[in-house]
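One-letter residues, chain by chain:
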Amino acid sequence: MLIYTTPPKTNRIREARFECSCSKTAMSSKTQSSSSMAQARRTVQQLRIEASIERVSKASSDLMRYCGEHAKNDPLLMGIPASENPFKDKKPCTVL
Amino acid sequence: MRSPLIPEMATQEVQLNETLAHLKTESETLKTKLEEERAKLHDVELHQVAEKVEGLGQFVMKTRRTLKGHGNKVLCMDWCKDKRRIVSSSQDGKVIVWDAFTTNKEHAVTMPCTWVMACAYAPSGCAVACGGLDNKCSVYPLSLDKNENLAAKKKSVAMHTNYLSACSFTNSDMQILTSSGDGTCALWDVESGQLLQSFHGHAADVLCLDLAPSETGNTFVSGGCDKKANVWDMRSGQCIQSFETHESDINSVRYYPSGDAFASGSDDATCRLYDLRADREVAIYSKESIIFGVSSVDFSLSGRLLFGGYNDYTINVWDVLKGTRVSILFGHENRVSTLRVSPDGTAFCTGSWDHTLRIWA
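Protein sequences appear in the order of chains A and B.
Quick note: the first sequence, position 39, residue 39 per UniProt numbering, numbers continuous.
Quick note: the second sequence, position 144, residue 144 per UniProt numbering, numbers continuous.
Please keep in mind that the hints were generated in silico from the structure rather than gathered at the bench.
Any given hint might turn out to be false.
Here are the simulated lysine to aspartate or glutamate pairs, EDC-like style, with alpha carbons at most 20 Å apart [as the list claims (entries may be wrong)]:
| no. | chain 1 | residue 1 | chain 2 | residue 2 |
| --- | --- | --- | --- | --- |
| 1 | B | K322 | A | E84 |
| 2 | A | K72 | B | E54 |
| 3 | A | K58 | B | D344 |
| 4 | A | K58 | B | E13 |
| 5 | A | K72 | B | E37 |
| 6 | B | K62 | A | E84 |
| 7 | B | K83 | A | D89 |
| 8 | A | K58 | B | E45 |
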């Protein structure tokens, strides 16, 4: 029985954020407050960016409209004749 | 004599703690606000909005070409802009360039490592990039002389600290975007090998990436083992949006043709559609009978169809708007590992662990 090896996906990084990787043991309490503050600042900044992104309530309608507008140009959707598709054989096979 | 420094330091300590507390409060407020905003848009599930759209008929799609030649599992493939050439890479360390019309092999390169998990065609059609367990992404210029040893002209561009999972040229042959098992993505200058920008934010291996269509600007999306799909600004390195609704590793991400949304495929056996302007998941493509993971996804030209390659050897074709499956395709004899629609949308190609590639139309 063949046993397939799976692609490597086993390496997991422990720290969620790379800025947390500073060694905690060697720091004074003041430096510790500064680095967790730096981290808090980054989180707040990230959240500010995400909160400011414009919300579009009609997003789904836009997706629908795009599909409708481009449907006729979609070969896999519409199906195109064999003569226009280089991958489809042009003539039926005949047994000679 | 000055008064002792200790009271001053104590004051600074207090100030730091106050600022920290203030930032934490603001962070909580923003999180709540985000949740509220997202909940407001709850009534725009895509399939509900698309109820009145005409359903799709029967689809007849068959294997039109089978590309045989790899000695082991096919892991990745990419189309050339000329709509006929294909580059593919395999566990056996080989990277092959095919003419998909004739099924002829035009070039073959043997990499110094096995598990070549990523390959990409340059926009000019004059080079290919690939990499995998060697932790690098290398670029090979394609020579017109079939006898020339391609390996001699190899250029090492990217260096990660773990395996390369995906790579893609940007709009030109000059820059490459990579993702890696080391949890980062990176943008490189091909000529100098210089790191132009790095993208940190995933908590585990990054498995896939896709560049936004050029009209939408300089962003890309990545998916990882942390179940997150992140959208990045290429210039600043910032993560501008993040989505975490999948229940397992995200193996593939692909932008919707308009650039306003992207699809993802995951080990949780579902594909999902995320709308970037609504900032939420708007559709989920799943069936109780589908229990195997999705390895790769791609859209048809209009975005109406979503093709998914699955670990149960099949390809499921989904109606993006209605959320229903329109077709299931059989043919491969092992996992489908990679799937891409051709640049002009006339066909799509799949690569599999059964060592072959198939062109479907």
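TODO: Please name the hints from earlier in the document that this structure breaks, with their numbers sorted from lowest to highest.
DONE: When the structure is compared with the hints, numbers 1, 3, 4, 5 turn out to be violated.
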